[in-house]
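Chemist: What follows is each chain in one-letter form.
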Amino acid sequence: MSDPKDKIKTFIIENFLFGNADGLNDDTSFLEEGIIDSTGVLELITYLEEEFSIKVEDEELIPENLDSINKVNAFLNKKAA
Amino acid sequence: MLIHNFLENSAARYPDKVAVIHDDQRVSYQQLNTWSDIFAAHLQAAGISKGERIALLLENSADYIIAYYAILKAGAVAAPINPNLKPDGLQYLLDDLEPSAIVASFKTERLLKATKLSHLGLKAIIIRTPKQKWAGTPHKALTFEEILTTHSTTPKKPIDLTPDNLASIIYTSGSTGEPKGVMLSHKNIVCNTNSICLSLGITALDIQMVVLPFFYVMGKSLLNTHIAAGGTVVLNNRFMYPASIVNQMIDEGVTSFSGVPSTFAYLLNRSPLASCRDRLTTLRYCSQAGGHMAKSLKLALRKALPSHTKIFIMYGATEAAARLTCLGSEDFESKMGSIGRPIPDVTLRILDALNQEAPDGAEGMLVASGPNIMMGYWKAPQDTARALTLSGYHTGDLGYCDEDGFFFVTGRKDGLLKVSGHRINPTEIEDFMMATDLLIEVAVIGIPDELKGNKLIALVVSKNESLNQQTLLEICAAGLPKHKLPAEIMTIAALPKNPNGKIDRMACLRTATNKTRS
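These protein sequences, in sequence, are chains C and U.
The first sequence begins at -17 in the numbering used here and counts up one residue at a time.
The second sequence begins at 40 in the numbering used here and counts up one residue at a time.
Be careful, since some hints might not be right.
Derived BS3-like pairs (lysine-lysine); straight-line CA-CA distance at most 25 Å [claimed, not checked]: (1) U/K226 <-> U/K89; (2) C/K(-11) <-> U/K521; (3) C/K37 <-> C/K(-11); (4) U/K146 <-> C/K(-9); (5) U/K494 <-> U/K334; (6) U/K125 <-> U/K170; (7) C/K(-11) <-> C/K61; (8) U/K226 <-> U/K196; (9) C/K53 <-> C/K(-9); (10) U/K179 <-> U/K152; (11) U/K179 <-> U/K195; (12) C/K37 <-> C/K60; (13) C/K(-9) <-> U/K125; (14) U/K125 <-> U/K155; (15) C/K(-9) <-> U/K521; (16) U/K418 <-> U/K155; (17) U/K170 <-> C/K53; (18) U/K146 <-> C/K53; (19) U/K170 <-> C/K(-9); (20) U/K152 <-> U/K521; (21) U/K494 <-> U/K337.
Keep in mind that the hints were calculated from the coordinates and are not lab data.
Please construct the entire structure, taking both the sequences and the accompanying hints into account.
Modeler: Below, the structure written as structure tokens:
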């Protein structure tokens, strides 16, 4: 499993949904569905930085970059470019 | 004067002024007041009468505010509840509260459905933008949309309310581990609202950024103070993305921001606050309450904020509806570490073990009195008798008063820990972990943490040498709210004990601290 999207999805399911992926689509808003809270965002960022060797700058900590699997994936692509 | 009179008076003075901003929604005072009148009429039509409790189980929003003031206008009692609870936690509160109605949103519908409601005799469940099906259940479910777009032909009936009537029940963690409902009267909240407005100089020109939840008494005080003054509240539930908070503060010309220590730690460490310093031209002040904030954080905050932005440190308790003291910005450095002096109408004393007032500099219990002090704990007369004596409200905090009249808190009498603004009894977490049957004994202690106030560490003695710590953490994650989860589990051979055989918590703290350092 090397696809970043799959990795992100697995991380979300294992860490915030207790293994239950019901209702989680690639464009499901983490905020709207209450999947991730403040502490959870920190955990997500730590994971992304470690797994994908990136640095999430403070001004990049916005929902447009992090609020769904698709948005995180797009953010990672932008960082890699 | 009653709490909802704040809204009515401000609506009469500033009908077209924006009272609430939430995402794209802007609600004027007149709209807010009219909608809460309509909502109150619907509550009465559903059979809600004076003194009945209504649970508020939804996130900060204009609809929350409409429902809150509507409940008060209907003469009922507003009981805000944390929407992030697990079903067991919610069940306990609902069974204790025995509400006649619940106001929820689509985010808390699943939680409600997982909770047993049939024995409560609910007269109504009102849900904001529901996604679940409620038809066919025994519960009469209405939507906000149905209520607010159907103008009731029945006007709100006048209610015979006095300032001493119960207005709100706010649950807080108790020393026994079970939450206790703090009963606040209209007078308690009105008086404290006025005191806070005076202390912080809140006026109709103020625009408050609200990131704290309304179910927390400090969050609710941000609402009531600014509605009372005719100001504006900007609701932002995206604090997990602090850059968006700072951007909105600039865009909306916010004049005040309030938080607990972890709020500021996050803002300082993970947001562009410092780099936006020159753009925060309208930020008049920041206020911090909800526990002790480390000196390093206070100094970092002072450096990051514009020089014109004042910093107020405040201290209070849910039982005080919600603030007791304020450290003015002018004393920020000279009295670093102090919680300040009592706000108007509050009397604070340091009492020794004999209930006598301690001399300046001597440590004792902080005891508060004034018209803001609670009526008591809901259905808990013994707890009430312990907390409210002839001397006043025993805060449970130890401290002293210096010769200049400034108060300092030195610790908690009962060992509760504050984590991310939540008051936590470690015993509750320990009991949960023991119930897994994986452990011989456990002590949950808190190591001071700049971000959270305290970082919870569980020192465990396992039954089996091959204890899987990850499994234990997953069990905790499934059953405990996030703020009660141990950040780390440390396995040791035996917990340190006192000569009388009780667990020595100070020694546990030393052990955990040493292990963390190594």
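Chemist: Each hint needs a verdict: does it hold in this structure or not?
Modeler: Hint-by-hint comparison with the structure:
| no. | hint | verdict |
| --- | --- | --- |
| 1 | U/K226 <-> U/K89 | 16 Å, holds |
| 2 | C/K(-11) <-> U/K521 | 23 Å, holds |
| 3 | C/K37 <-> C/K(-11) | 18 Å, holds |
| 4 | U/K146 <-> C/K(-9) | 21 Å, holds |
| 5 | U/K494 <-> U/K334 | 17 Å, holds |
| 6 | U/K125 <-> U/K170 | 19 Å, holds |
| 7 | C/K(-11) <-> C/K61 | 17 Å, holds |
| 8 | U/K226 <-> U/K196 | 22 Å, holds |
| 9 | C/K53 <-> C/K(-9) | 12 Å, holds |
| 10 | U/K179 <-> U/K152 | 14 Å, holds |
| 11 | U/K179 <-> U/K195 | 20 Å, holds |
| 12 | C/K37 <-> C/K60 | 12 Å, holds |
| 13 | C/K(-9) <-> U/K125 | 23 Å, holds |
| 14 | U/K125 <-> U/K155 | 13 Å, holds |
| 15 | C/K(-9) <-> U/K521 | 20 Å, holds |
| 16 | U/K418 <-> U/K155 | 21 Å, holds |
| 17 | U/K170 <-> C/K53 | 24 Å, holds |
| 18 | U/K146 <-> C/K53 | 21 Å, holds |
| 19 | U/K170 <-> C/K(-9) | 24 Å, holds |
| 20 | U/K152 <-> U/K521 | 21 Å, holds |
| 21 | U/K494 <-> U/K337 | 19 Å, holds |
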